[in-house]
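Student: Sequences listed follow chains L and Y, in order.
Using the numbering used here, the first residue of the first sequence is number 8, and each one after it goes up by one.
Using the numbering used here, the first residue of the second sequence is number 7, and each one after it goes up by one.
Since the hints were made in silico from the structure, they are not lab data.
Honestly, I wouldn't trust all of these hints.
[Claimed, not checked] BS3-like, lysine-lysine: derived pairs with alpha carbons at most 27 Å apart:
{"hint": "1", "chain 1": "L", "residue 1": "Lys253", "chain 2": "Y", "residue 2": "Lys266"}
{"hint": "2", "chain 1": "L", "residue 1": "Lys103", "chain 2": "L", "residue 2": "Lys90"}
{"hint": "3", "chain 1": "Y", "residue 1": "Lys162", "chain 2": "L", "residue 2": "Lys239"}
For clarity, every value in this text was computed on a predicted model and none was experimentally measured.
Each chain is listed here by its residues.
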Amino acid sequence: MSRIRYTRRLPAAAIAAGLVLALAACGGSSSTSADGAAPSAATDQLNPNADLSKQSLNITIWDGYSPKDLPQRVKEKLGFDVKVAIHDTNEMAMAKLATNTDSGIDVGFVSGQYAQALNEQGLLEPLHPELIPNLANLYPEASQMSFDKGNKFSVPYTWGTTGICYRTDMVKTPPTSWNDILNPPADLKGKVTMMTTERWLALPALKYLGDSINTTDDKQLAQAKDLLIKAKQWGMLYDDTTFGAKLDKGEAAMVEAWDGWCPTTNPKIKFMVPKEGSDLWSDTMVIMKSSKNKEAAHAFINFILDPKVHSWVAENILYKVPNKAAMDLVAQNDKPLLEKNAPLKMTPAELLKGESIIDLGEASSKYTRLATEISAKQ
Amino acid sequence: MAGPSTGRPPRRSRALGSAAARLVFLGPGLGYLIVFLIVPLALVLSYTIFKRGRFGGVVYEATADNFGRLFDPLYLDIVISSVRTAALTTLIALLIGYPTAYVIALLPRRWKTIALIAIVMPFWTNFLIRVYAWIILLSGPGLVNNALTGIGLIDKPIQLLYNEGTIVTGLLYSYLPLMILPLYAAIERLDPQLREASANLGARPARTLLSVTLPLTVPGILTGCVFVFVPCLGNFVVPEILGGGRSIMAGNLIRDQFLKARDWPFGSTLALAVVAILIILLFLQAWVSRAYGGIEGRRA
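The shape of chain L in the complex, shown without the other chains (with noise of 0.2 Å):
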């Protein structure tokens, strides 16, 4: 037997090691992008009677989050292809579109803040109103949010809210105030959750010392950071995917969710929003500067705020929309859903109580490293 048969392991483990690391190590591809960037002024001459049928799309978006036939509806109503893209996360969707290279995605679907970030890159159109008569669907709260007064640059898809979550049968006093999941009882150990997402990490301590979830005060992080590290020494669990399906099994009694992931369809859960306010998130459609097809870019976000199509997401993926139409025709069409799911029923005012998401630019890395000291603090 040969000593060659060993070290020819050498080379083979190297590999493997080296694959395994430099998978999850490379993204895509390099972007480079200049900081602080004005919007543009200059916009390009729409052309309204543009023959759309020569035009087509890509849109990026996340899965599930619009009708399956959509492409054909859109085929059939205005004549043009579109081509679906997805994406799992914001920050996925980011590094498709803030090349400065043409990245193909004429319409992207992002959250508030990053279409806020986009536009101060000057990477997006600033929408012609005129071509997207079906805003007037829209309800007038939909365009005050902080990211975009006026919806210069984004059209909200859906919106709402973060708050707790929570199962009647095993949570003795009903929660008022952030402080009930910072603070919980005892008897709940093990099954009460938060989210990990750094930004919506820090919003049940930031909203219940009374500050702005888009501070960026040292020493108003760092009393937070105090908060959170108690509740994680307390025994926080830390869940932002599956804590709707471990409350619908009962292996949680309370946990931090958005308002559309709370299943308020089983009877014994209910959704709440602390008394000291949450925040007022939404997913919004951009259209990007470097489309060619700007015309039919147009005419399918005007398309989607149609209210037959619009009200798919509501009554399929359970978000609100802020298209007053569409949220009347699901109140028509559907009234026990809306009965059965009370976070549905939140009106406009309400949200709007809520405080929106804004990028911070080179300050949200004190996020992430409040994020990184509460997961490595044993």
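For this one, chain L is given, so just place chain Y on it according to the hints.
Tutor: Relative to chain L, chain Y alone:
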């Protein structure tokens, strides 16, 4: 051990032919390595000296900050505790894996095949599903708690999930086959006559194990350890799911730099640090293997 060929020098045409053949056979493998290993590693390496872009990516301005941040106690502690968790998992995997591999190597041929298939079988199921299955087993209303309360060992369900132990359990379960297979290969290849000779010379079974079998399988042990240790260190799924998101390992830290913090340069620096640890381990493994391989080689 086979020395260099002492036969007559090969004819020129054959040498050329074999060079061409080598190129043909090596080509795909080399190409694969260059495209999927060397280039990505070079990219990761180059990112470490630049500044972060606002949305991920890098800004091509040189900086040494990333390396400085590596020594921030916050990140250092995470890397050290991950190494600890991975090492503990590897040790337990070795303690369980060695006897298992030993027994399999002694089985009759037919049963050997069946045993090996059984070891590899879990890999046929999606990794995520296998990890989630542990939640169903260990949760409050889960199988294990039900069984324990059923036989009266405990009065009410105990908290089995979401701690350091569950993470090690999950990692161990996931990577144990990677320990057993190289150990099996090493033990199986041992000449049974060596053990017989040891017994004939009066050694008890324990003595034979310690003085003959174990030393001769050290290279296999080290290979298994590296195979388990490496993926444990890079795993971010198990700590997230079975650890209840309460602890963070080097894998999570690197993933988060890329996907959440949008700090590719620092993520690359962390990845590079882990690669550096691994390279040191691999050299160590090669060095020790060579030493023991030498002992074994002298026999032939």
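Student: Does each hint fit the structure? Answer for all of them.
Tutor: Now for the hints, and whether the structure bears them out:
1. Between Lys253 of chain L and Lys266 of chain Y the CA atoms are separated by roughly 24 Å; this keeps the pair inside 27 Å, and the hint holds.
2. At most 27 Å may separate the alpha-carbon atoms for a hinted pair to count; Lys103 of chain L and Lys90 of chain L meet this at roughly 15 Å.
3. This hinted pair checks out: Lys162 of chain Y and Lys239 of chain L have alpha carbons roughly 24 Å apart, not beyond 27 Å.
Checked against the numbered hints listed earlier, the structure breaks none of them; every hint is satisfied.
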